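Enquirer: One-letter residues, chain by chain:
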Amino acid sequence: MDGGAEREDLVVDGAFGCGYLIRGGSSTAPPEVARWPVQRLGTLTYHLHPRARLHSVVRPHGPGRIVLIGEPVDVQAGLVDAERICGLALDAWESGGVTEAVRYLAYLGGRWTAVLEPAAGDAGAAPELIVVPDCQATQAVFYSTRAGLALGSQPPLVAGAVGSGPDEASQQMWTDLRAARKKGVIFLPGTMTTHEDVLPLVPNHLLRIRLTGASASVEHERFWPFQNRVERTDTLRVVDEFIDYFREHTRLLTTLGRPVVSLTSGNDSRTTLAAALPHLHDDSFAFTYYNPREGPLGEGPPMDVFIANALAAAVGVQHRVLQWRQPAAGSVFKEIFDRTYPVRRGTTGAAHAMWADLPHDIVHLQSIGAELGTTFYARRTRAGVSPERLLELVTGRSDLDAGMARSAFGDYLDYAQFTTEAIRGYDYHDVFYWEQRMGKWGYQKYQEGDFSHRMLMPFNARGLIEIMQSLPYRDREGKRVLRAMLATVPSLDPDLAERRPAHLADDPAGGAGAEELPITWRDVLAARPHLRPRLRRAAARVRRTTGGVR
Amino acid sequence: MSRRLQHLPQAVVRARSGLSTALRRRVRTVRARQARHELAVPAAGVPAAALADPRVADLAFRGGYLIRSAASSTVPPGDGWTAHTIADRVYHVRTPMVSAATKAGGTVVLLGHPVDVDTDTADAQLIADRLAAVADTGSGADPVLEGASGLGGRWTLVLHQPDGSLTVLPDALVSQPVLFSADGTVIASHEAFLTDGTHLPVSSALEVTSSGASTRPYPATPPDPDVATFEAFRERLVRHVRLLTGAGRPAVALTAGPSSHAVLAAYLPHRAAEDFTFTYFEPESARHGRGPATDMFRASALAHRLGIPHRVIRAVDPPSGSVFELAYRWAAPHGDAIGAAFARHHLPPDTVELHSAGAETGETQSWVAMAASVRDGDLGHRVALPFNDRRLLGMLVHQPAGQSFVTRLAAELGDQLDDQVDASS
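Residue numbers (my numbering), protein chains in the order written: chain A, 1016 to 1565; chain B, 26 to 450.
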């Protein structure tokens, strides 16, 4: 094999890792999927990334075909066997219709996308296909009906299948958002994607698709909440339910491969480690990535390394520190990334570190999503749901132009049926975070791992999120359930784990330090002596100016 | 305009937040530096504030010793010192001490943790007995020095001759300093006990007679170059490391360099329970270069590949006025690596740290005394030195041109570490 072919193999293995493209009607296969396996099931053509898994069950005289792409997990049944899970979904479909099938699928953990295709009916009647994402749409679904039907894990795949190009309005929105929020996470809001006529399937929603010859129509429909939120005050019982559920989900995920935990100093990832701990393999490990350039800028990133490393050592798990770094120009990973994100690229350092330094046969347990059950948007107001309020949530700014809010979220409230009534007693801050932040930003974080291995999320289970969100706000904000879980593994308990080693404990001055004196100008000048002449000159200028005024 | 003014406070808050973290850290560092300066180590070498807390002296002089004539009034500070009298000398020790009498009326004293690779023992008493027997076979100190020169571990030999004279021989890298007064009445490990003392240089022996102290080169002849083969080097280093790690919890100080990798390679054949590797890291080091971060990343990658736990410890100055800070300043008045020392202090107290000091020998005609900072680890645990063996160092001095035994041994780890780590940064 020559170097070029070997390189292309690596690029194909990485680009759109674990992704998929589903086509119907007049859509065509884009070159990105040329080397992917293809399956024709019913009326649809499935292009699967070489590392993606597809499971399908259809029965004679049954209601139709269930297709599951990915790794579904049935926590209630204790199952990771996707064929059997497909069978159970089919049972639900047979007994209770599509509604029951969707409800069964909705409570699956793991990471997957489901397609329900009814058995062929009367000639002439276009069957209604249903597409359901997992809890947080961690395996994203984007779609377009611009030329036939295309559904895929990444906008460029869908755009390539329907002949769509980059969306200029989205690019402008990105620029505006970055101007409004200089640092921190931003994502394309509302229904925007990087490509024209490509729409997102929002978490908690399904697609109803009708294929008619070469064309298709799609309805985007909310299916959750299934019932009104009921706040629970039997906190201890809720905590127990959470622990049981979380442990079981995590255990099942660890059976899907060699589990590896990404660990920081935070409670979310250490909760995952606590649950995974009994099920880790001999060659499992934890890892933390670190950008050395961040060392002098603040304590957060380096403390992630030090604390994660200490936690792993405390529970006897090997720990690895990865160097967060950009890929070199012309490198294989650069090509992987550019192929996957041809329009706009996010940061590549973490993804590159994982691709370059981690084994590719791992199941990576990632803790994003815990904040759905605890809290994320902490500044909550009584303001109702509106495009302006949603823009304020994602930018932290209340002074932005109303036109920008309309561009970002003007059509979203209808598209996602995002109304107080529709979300049935759940706090819109929580639901918005779930559906927008996870749906539009989260999938890219998961893709970062999928370039090389498979990333799975222990918090990606609807039953778990419902349990967590049933608690009063104060308990959620205080991360009550996470703390309870961590208390079961004292070495990871933040109340205990940050204790200093016993041989240092009796040094009263060696602990967190005595109460720190406030920083004065004298301190500033001592710390930054080079400012002294500049300040002197500035003071002289002020004196001259004020002297002149007088 | 009015909108801009309205949101000015918010912008100020954001700017303050961005600046405050870095500034606060910098201010802490400057304050700590000023506080240390104000401690003003007095002439006696003892910060006044330190004397008030017995824990400071306890921590400062672990592994230390002070040998004085009975007439001298110099005593080490703090509790925890064991006193022994041999001939007309009083030994105050915070390190293991064994002695063996010679038939002629002399005494062989060994301070520290000697090991004998040739006889495969880490039993200091056995070693002292053997040296005492050697003393009985000849006259003068040289037979005993010759017998001791092949010892590994970390040690200081004191030979009491029947005529009252003393001969002192340190280990190859002078891992336990030997300071002596001009009249020879006081010999000690720390400047704090002997502020105007003289350091015994590497490859030297100290002679103390009634007329005072003097030094002479030792050994007089260089090591035999015929034994400088990689196989002999490797075998001896592996055996030495096994003896060093017989007690305690082995921990290899790991960086990106071949020296520490060679130590790890020599250690791996006899791994012990609860062993680990470690790297200390100062986040602020990125201001000055990529070396420390590269050490951490590569050490982490290597340990992971070998399946040995790797600890990353924060190198940060201890709080000003803390026990550790005072102890360090007292024990190492010229020390400039307190952050690294404090990081090592966080390791479990039963750690036996395998440090690669001496591995760089080979680029020069002889070896040099190890850096004082290596000893900083003694404040918290035992530091063992696999290369601190005259035979090993001799082989490095005489290794064939163009070869590096250390690099070759490091390569045994299959150490083709990801060069893309740097290349793609």
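No lab work stands behind these hints: they were computed from the structure.
Do not take every clue at face value.
Unchecked claim - Straight-line distance between alpha carbons at most 25 Å, and here's what the computed SDA-like set of lysine to any residue pairs gives:
1. B/Lys128 with B/Val159
2. A/Lys1349 with B/Thr319
3. A/Lys1198 with B/Arg51
These numbers come from a predicted model, not from an experiment.
Enquirer: Indicate, hint by hint, whether the structure satisfies it.
Expert: Going through the hints against the structure:
{"no.": "1", "hint": "B/Lys128 with B/Val159", "result": "holds (10 Å)"}
{"no.": "2", "hint": "A/Lys1349 with B/Thr319", "result": "holds (22 Å)"}
{"no.": "3", "hint": "A/Lys1198 with B/Arg51", "result": "holds (23 Å)"}
No hint from the list above goes unmet by this structure.
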